[in-house]
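First to last, the protein sequences are chains H and Z.
Under the working numbering, read the first sequence as residues 1 to 365, first letter to last.
Under the working numbering, read the second sequence as residues 1001 to 1300, first letter to last.
Each hint should be verified, as a subset may be incorrect.
[Unchecked claim] Simulated restraints on C-beta separations:
| hint | chain 1 | residue 1 | chain 2 | residue 2 | range |
| --- | --- | --- | --- | --- | --- |
| 1 | Z | 1151 | H | 71 | 21 to 31 Å |
| 2 | H | 187 | Z | 1240 | 48 to 58 Å |
| 3 | H | 53 | Z | 1253 | 20 to 30 Å |
| 4 | Z | 1229 | H | 113 | 43 to 53 Å |
| 5 | H | 305 | Z | 1123 | 44 to 54 Å |
| 6 | H | 330 | Z | 1025 | 40 to 50 Å |
| 7 | Z | 1203 | H | 241 | 50 to 60 Å |
| 8 | H | 322 | Z | 1080 | 33 to 43 Å |
| 9 | Z | 1253 | H | 340 | 43 to 53 Å |
| 10 | H | 340 | Z | 1123 | 48 to 58 Å |
[What the hints assert, rightly or not] Some chain Z residues near chain H, calculated using beta-carbon distances under 7 Å:
| hint | residue |
| --- | --- |
| 11 | 1043 |
| 12 | 1046 |
| 13 | 1063 |
| 14 | 1071 |
| 15 | 1072 |
| 16 | 1099 |
| 17 | 1100 |
| 18 | 1102 |
| 19 | 1249 |
| 20 | 1251 |
Just so you know, these hints were derived from the structure itself, not from any lab.
Predicted, not measured: the structure shown is a model, and the values here were computed from it.
Glycine is no exception: its CB is placed at the ideal position from the N, C-alpha and C atoms.
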Amino acid sequence: MNLLIQFLRRPAIVHKWGVEDWNRFMPLARNARLLGRCLYLLEQHDLLGVVPSRLVDQLRGALNQTRYVQVQALRELRHVVRVLDREDIPPLVLKGVAYLVSGLPPSRWRNLSDIDLLVPKDDIVRAEQALGRDGWQPSGDFDAYDQHYYRDWMHEVPPLVHRQREIEVDLHHNLAPPVSRIQINAAKLWADSLLVSGPYGMVVRTLAPADMLLHNAIHLFMNDELRGGLRDVVDFRDLFEHFLAQDAAFEQLLLGRARALGCGRPLYYAVSTARDLLGLAPSAAFLAEVEVFAPAAPQARLMRWLIEQVMAPARLGLRRTAAANQLLFVRSHWVRMPPGMLFRHLVHKMVKAKKPALSAADLPG
Amino acid sequence: MPLAEQNLTLDAGPFQVRVRSSDPSFLDTLGFFYRGCVRHDGPHFVDFDIRIKRPRGLRRWLQPQVLFEIDALRPFEPQPAENAFPTYEWGLNWCIATSAHRYLMLHAGSVAFGDAGMILPGHPGSGKSTLSAALTLRGGRLLSDEFGLVRPESLELLAMPRGIPLKNTSIEAILEFDSAAPLGPTYPKTRKGRVRHLRPDALSVAQQQRTATPRWLVFPRYLAGATENLAPLDKSEAFRQLAFNCFNYKLLGETAFRAVAQIVRQTQCFTFTYSRLDRAVVQLMDLAQATGPAAHGSPR
Chain H
1 MNLLIQFLRR PAIVHKWGVE DWNRFMPLAR NARLLGRCLY LLEQHDLLGV
51 VPSRLVDQLR GALNQTRYVQ VQALRELRHV VRVLDREDIP PLVLKGVAYL
101 VSGLPPSRWR NLSDIDLLVP KDDIVRAEQA LGRDGWQPSG DFDAYDQHYY
151 RDWMHEVPPL VHRQREIEVD LHHNLAPPVS RIQINAAKLW ADSLLVSGPY
201 GMVVRTLAPA DMLLHNAIHL FMNDELRGGL RDVVDFRDLF EHFLAQDAAF
251 EQLLLGRARA LGCGRPLYYA VSTARDLLGL APSAAFLAEV EVFAPAAPQA
301 RLMRWLIEQV MAPARLGLRR TAAANQLLFV RSHWVRMPPG MLFRHLVHKM
351 VKAKKPALSA ADLPG
Chain Z
1001 MPLAEQNLTL DAGPFQVRVR SSDPSFLDTL GFFYRGCVRH DGPHFVDFDI
1051 RIKRPRGLRR WLQPQVLFEI DALRPFEPQP AENAFPTYEW GLNWCIATSA
1101 HRYLMLHAGS VAFGDAGMIL PGHPGSGKST LSAALTLRGG RLLSDEFGLV
1151 RPESLELLAM PRGIPLKNTS IEAILEFDSA APLGPTYPKT RKGRVRHLRP
1201 DALSVAQQQR TATPRWLVFP RYLAGATENL APLDKSEAFR QLAFNCFNYK
1251 LLGETAFRAV AQIVRQTQCF TFTYSRLDRA VVQLMDLAQA TGPAAHGSPR
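Model the full assembly from the supplied sequences, consistent with the hints where possible.
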């Protein structure tokens, strides 16, 4: 169990840490985008005095950046909502920006790089066109194949970004690709959704608490190769505990929704990961019912090992982590598309291999 | 053949950097610039854990390349191996610029006289690096040629003496100004053209934990053939220009607004057009002397 995980489970452990422990901890926390979460945890447990001052500076620096990005995201959302309101398209916000507008616990420390919205499937093209008329453009070069990939197979249109701003806007019409193993009836999500008054007088919808957690689980364990990483598991645990504190029947509600929406498997992965790594402690009855959604034992063991390599490596840059990521990458495609479609997709991607994303273009000096 | 990997901890002002490499020529150059920054005690809390290494495979022999790793990740494409030192310097700057939001980061040279700080903000090409270099060659204490690091709650300017990258004709300008200037190797082909770094002087390095109070805010502009002209600058305009020259002004929001406003309030503000480096330096040294280094600064 790595130092970041040990700390997230039992913050008082920092009393025992020496210089080398801190030096192993910081890259893990930074890479997992959990510096802000760690700062809050240290403050909450009155442990800041134990932390070397230069590291406190790093934590505060990270939180300063997070606050800025949060404001940018909310402003972007206000621009988007204004356009959608005009078109009479109801915006439902997802993930990070939903936690922000609802003032849920992760909003205190959580960074975000884009805003995710759900709109009704029949409205998504109209929403995209309306945003296009107001200055949003595709955020990259999407060729005909990419267009076809997004529009016919995925649950979103190609990501948009306003030409004068930086935050990406992802328009979805569902929580999982229509071609994937999980089929979600979006109408059920809309039926349970909540109206929230957010900052700047914005009124938007969010998913109901149980659906919000299920989306976290689907996103992490089905859509991408665990890209949200440990940060998303921390969100899951924090939100689970928050909703349970508000409603003693939350566990049953969550199980009922997982059954109704057909996403018991991702719920199983999310709960077992949050329990293994972060000490989530739901009731025994809940755990027993979640266990029903587990895959066959060998598959469950393999996934558990893969998840641990990716989310809790002893240090960064291990070859084992890279290998686990490769397998998860394959798996994420396997659960996302039927085999024939997957084959065509991979061949296309191989032919059109991408250039490295970052360049040294904007360095000072 | 590469040596066993060296593992060094370097002071870089408020940061400590762990550098690992087995590239002998890179380590030589690093030693030339930062021998005085190497920590022999330890262990230390590491702010940036950097590794400069050669990629595996054929590339080790054919047009060799160098990789910059931070926390075992690789944010940049490989660079030509001969540019290992500039790659390290840019990489470290990138690490600082993208994470040190604990500080207000001015895109400015900064030099101290005693405890009084002179801030020289400016775009690339304004001559702030060259001026900072020349001032330190005449006894000014180098805080930074590029990053004016400010603690927003106390407005102290922090020192982070590093090699000053002189670009293209600035190299000759500095050698003409001081033929004994300790310059490192020439890098003929970098992204910024021909680059040669000036080694920070021993006193600046020894005093890198000593802060300074902002006293002068000078916006330099190199203009070929111009007569040196130091002209007072209206404070509201100084505010606008300094805010514009912060790496993280928008990011820090109100904190940055207050800090920039207070810096402008407590400094004498000027624009400075110059063409002859020797005269420019005399004029700025005169300014520092005339105002007196500790008139209302807070010595520490």
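These are the hints, each one checked on the structure:
Roughly 23 Å separates the CB atoms of residue 1151 of chain Z and residue 71 of chain H, a value that falls within the hinted 21 to 31 Å. About 53 Å separates the C-beta atoms of residue 187 of chain H and residue 1240 of chain Z, a value consistent with the hinted range of 48 to 58 Å. Our hint of 20 to 30 Å for residue 53 of chain H and residue 1253 of chain Z holds, since their Cβ atoms are close to 23 Å apart. Against the hinted window of 43 to 53 Å, the Cβ-Cβ separation of residue 1229 of chain Z and residue 113 of chain H comes to about 46 Å, which satisfies the hint.
As the Cβ distance of residue 305 of chain H to residue 1123 of chain Z is approximately 52 Å, the hint placing it in 44 to 54 Å holds. About 41 Å separates the C-beta atoms of residue 330 of chain H and residue 1025 of chain Z, a value consistent with the hinted range of 40 to 50 Å. The hinted range of 50 to 60 Å is satisfied by residue 1203 of chain Z and residue 241 of chain H, whose Cβ atoms lie roughly 55 Å apart. Between residue 322 of chain H and residue 1080 of chain Z the C-beta distance comes to about 26 Å, which lies outside the given range of 33 to 43 Å.
Separated by about 52 Å at the C-beta atoms, residue 1253 of chain Z and residue 340 of chain H satisfy the suggested range of 43 to 53 Å. Checking the proposed 48 to 58 Å range against residue 340 of chain H and residue 1123 of chain Z shows it holds: the Cβ atoms sit about 55 Å from each other. Nearest Cβ of chain H to the Cβ of residue 1043 of chain Z: about 4 Å, under the 7 Å cut. The hint holds. Of the supplied interface hints, the one on residue 1046 of chain Z holds, with its beta-carbon coming within about 5 Å of a beta-carbon of chain H, less than 7 Å.
Contact between residue 1063 of chain Z and chain H, as hinted, is not supported at the beta carbon level, the nearest pair being about 17 Å apart and thus beyond 7 Å. Interface restraint check for residue 1071 of chain Z: the shortest CB-CB distance to chain H comes to about 4 Å, inside 7 Å, so the restraint holds. Here the hint on residue 1072 of chain Z is kept, as its CB sits about 3 Å from the closest CB of chain H, short of 7 Å. Interface hint at residue 1099 of chain Z: satisfied, since its Cβ lies 6 Å from the closest Cβ of chain H, which is below the 7 Å cut-off.
Hint on residue 1100 of chain Z holds. Least Cβ distance to chain H is approximately 6 Å, under the 7 Å limit. Checking residue 1102 of chain Z against chain H by beta carbon gives a least distance of about 4 Å; that is within 7 Å, so the hint holds. Of the supplied interface hints, the one on residue 1249 of chain Z is violated, with its beta-carbon coming no nearer than about 11 Å to a beta-carbon of chain H, more than 7 Å. Restraint check, residue 1251 of chain Z versus chain H: the minimum CB separation of about 4 Å is within 7 Å; hint holds.
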